[in-house]
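Colleague: Residue numbers (the UniProt record's numbering), protein chains in the order written: chain A, 1 to 407; chain B, 1 to 407.
There's no promise every hint is true.
Output of the computed footprint for chain B on chain A, the stretches with three or more beta carbons under 8 Å from beta carbons of chain B [said to hold, decoys possible]:
| hint | stretch |
| --- | --- |
| 1 | 49-61 |
| 2 | 72-80 |
| 3 | 93-101 |
Some but not every residue of chain A turned toward chain B, in silico, with C-beta under 8 Å [stated by the list, open to error]:
| hint | residue |
| --- | --- |
| 4 | Val68 |
| 5 | Met83 |
| 6 | Ala365 |
| 7 | Val368 |
Calculated directly from the structure, the hints in this document are not laboratory data. Glycine residues also receive a C-beta, built at the ideal position from the N, C-alpha and C atoms.
Protein chains: 2
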Amino acid sequence: MALVVQKYGGTSVGTTDKIRNVAKRVARTYDEGNDVVVIVSAMAGETNKLVALSQEMCEFPSEREYDVLVSTGEQVTIALLSMCLQSMGYKAKSYLGHQIPVKTDNASARARIKEIGDENIREDLKNGSIVVVAGFQGIDDEGNITTLGRGGSDTSAVAVAAGLKADVCEIYTDVDGVYTTDPRIVSNASKIEKISYEEMLEMASLGAKVLQIRSVEFAKKYNVVIHVRSSFNDNPGTLVMKEDAEMETVLVSGVTCNKDEAKISVLRIPDHPGIAADIFSPLTEANITVDMIIQNVSHEGFTDLTFTVPKGDLKKALKLVEETAGNIGASGVTSDDKVAKVSIIGVGMRSHCGVASKMFAALSAEGVNIQMISTSEIKVSCVIEDKYTELAVRVLHDVFELGSQGE
Amino acid sequence: MALVVQKYGGTSVGTTDKIRNVAKRVARTYDEGNDVVVIVSAMAGETNKLVALSQEMCEFPSEREYDVLVSTGEQVTIALLSMCLQSMGYKAKSYLGHQIPVKTDNASARARIKEIGDENIREDLKNGSIVVVAGFQGIDDEGNITTLGRGGSDTSAVAVAAGLKADVCEIYTDVDGVYTTDPRIVSNASKIEKISYEEMLEMASLGAKVLQIRSVEFAKKYNVVIHVRSSFNDNPGTLVMKEDAEMETVLVSGVTCNKDEAKISVLRIPDHPGIAADIFSPLTEANITVDMIIQNVSHEGFTDLTFTVPKGDLKKALKLVEETAGNIGASGVTSDDKVAKVSIIGVGMRSHCGVASKMFAALSAEGVNIQMISTSEIKVSCVIEDKYTELAVRVLHDVFELGSQGE
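Okay, chain A solo, but in the shape it has when bound (with noise of 0.2 Å):
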């Protein structure tokens, strides 16, 4: 007998037909013999109609009031989710963050859990009952309700799975697994059957969105393990878990490719300390995250310093970067929003050389010019022209040996 957390998304919970579906689920999970604690999202939809409530309300809605409205998408959940596995025969009791409770800080909107209760749904469990816990919500310490920001049931699943010291953790979606790269791009993507936390992270920061990153960040500080998998099939999904022997004799793990990167570079700056503070300072202000950054040796005393930035903050960015340059003495700024991110992700990287140097001679083969490098212990990301995209990551799908076998 095994504690099993399981969590559905919007989707999986869309209609009270789909609630149905996912309650037979659950029942089923429950009748071979295990403990099981449900973890639901808003129905698909809701809490978009929620958000657009507020905003036809005013136009800045206090995050703590907007906290209190969206968290009523996930009540509705658990309330229709508990009647109907009631009405299947089952005992089944619902729990809002605040029952549990969910603490976290008073970061409203996108707050951090910080701490679960366990003793009250320990004591359901002991009594038969199915636990069905009301995904993305939390309370502060001064009782006010919290949110933990888009796609925050993840993490509230990770959470209580953590609390309770569950066996498994599945994350119930409508996608078979996480797959060597985008399905859409690479016919023969193929699902990756366990992958640790670290590649995991560098893949949904990178661009795949199958996981929340904090959900991931939970599981990996209190060695959480993930089964991701589909509320449509019993495939096996893929599990996210810590580091094996098994997983370093794999060279790469997976392809990424982001798009909504833009590159600015600032020409012949002078060089002496402090110029990228004065460059990177305004920009943190103005809460731009900046992501991968290029300074190259000076030449004769000038440097050329290159980054990228989200695409939709450019317009904002450049001109920040434009007052800079005329202050420090640079020459100019320059922009390019043609640009794409490919990487490759794996911690067998780390042992052995050369993949590096693979990727390039793969890419340049195909004529695809390299403009900016990073790397990591476990990934090395490429800035190239974004019409080289698909191509790239085929490319490199390819020559790492990632394409599903007998296709």
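Chain A is already provided as a structure; the job is to place chain B on it using the hints.
Modeller: For chain B alone, kept in the frame of chain A given last:
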């Protein structure tokens, strides 16, 4: 400076535009130098939508989960109203039942308030905040969400007013106040300026649907002055308050009617102790409310017993009564669902004779036969044939001079 509690029902907060109007009225009360606590219902139609969703899910939803579901309606409204007040430049903070807390018993879907916390709200009022409270909901000792039954927001408002010792509890609705009778029946029905709790209780339970009965009981117990008024104009409404000398000078305050009852007679019962218990116990067990009961003096050892039940329960009641009638040796059972109850109410009749006779004479003069009579200290009710209902109400309204002047 006064402490004012205001309650707005579903039609007053039915759209974001209407919520904006409520916010303006709340703000005006605040600007006049008052501390303001606002209790709101769910947006009109929302509770019905949620109930429909639960029925789509299963036939007999558990009451605990039903409360989790329907309480989201008020949660949406408090968030929107608070946002609106904030966007107008006011400090505002929303409160859910469990945040106040509104402690209730554990009777899901029809909970009774046991205790109201006032510390948190007082703190906010001291800081210059307008406090916005979700009506209809509370929390039991185990932390389960409870609801107070349909119309429960009235009771929430009175309970909060009692807990805070507010100067007045204003209940905003879509009518101007409490009328001497139903204006749809009598065109010159007049608004009552003030009415005692006792009279209001009789009015409410006899068919006037302005306030939830329980809210009036609560107000009476804690001596809360209720001001029933319209949210669409600034007219003074009706004060519901402790009886004063002035009220006693009025013989009759109002006339009500109720067409929702049916009459059952058990004929020629051998008269010995215990027959009433034999007849009514099965009805109590079946949860059927018996209203008027008439038993005449016995005649040659036999008596007749007549009583009324809600029309919807007539069939079920008849079946039970016919069984009993056979057992106790009565000669037969008759029933009539073409009846109505008209009543006159007034604390003045305690100290004046002849009020009942005047009523009987007035009905008789119009050829209306009286089938049953029941009286209390402050009311007289007559059961008549239902086709005479409107005529009877008009006649009584006239004879006790309740019509407004100049009409």
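Colleague: Each hint should be assessed against the structure and marked as holding or not.
Modeller: Outcome of the hint check:
Restraint check on the stretch 49-61 of chain A versus chain B: 9 residues with Cβ-Cβ distances below 8 Å, three needed, restraint holds. Given as covered by chain B, the stretch 72-80 of chain A passes the check, having 6 residues with a CB less than 8 Å from a CB of that chain where 3 are the minimum. Residues of the stretch 93-101 of chain A with a Cβ under 8 Å from some Cβ of chain B number 5, which satisfies the need for three, so the listed coverage holds. Nearest Cβ of chain B to the Cβ of Val68/A: about 4 Å, under the 8 Å cut. The hint holds.
The interface hint given for Met83/A holds, since its Cβ lies 4 Å from the closest Cβ of chain B, which is under the 8 Å cut-off. Because the smallest distance between the Cβ of Ala365/A and any Cβ of chain B comes to about 57 Å, over 8 Å, the interface hint for this residue is violated. Among the interface hints, the one on Val368/A is violated; its C-beta lies about 50 Å from the nearest C-beta in chain B, farther than the 8 Å criterion.
Hints 6 and 7 from the earlier list are contradicted by this structure; the remaining hints agree with it.
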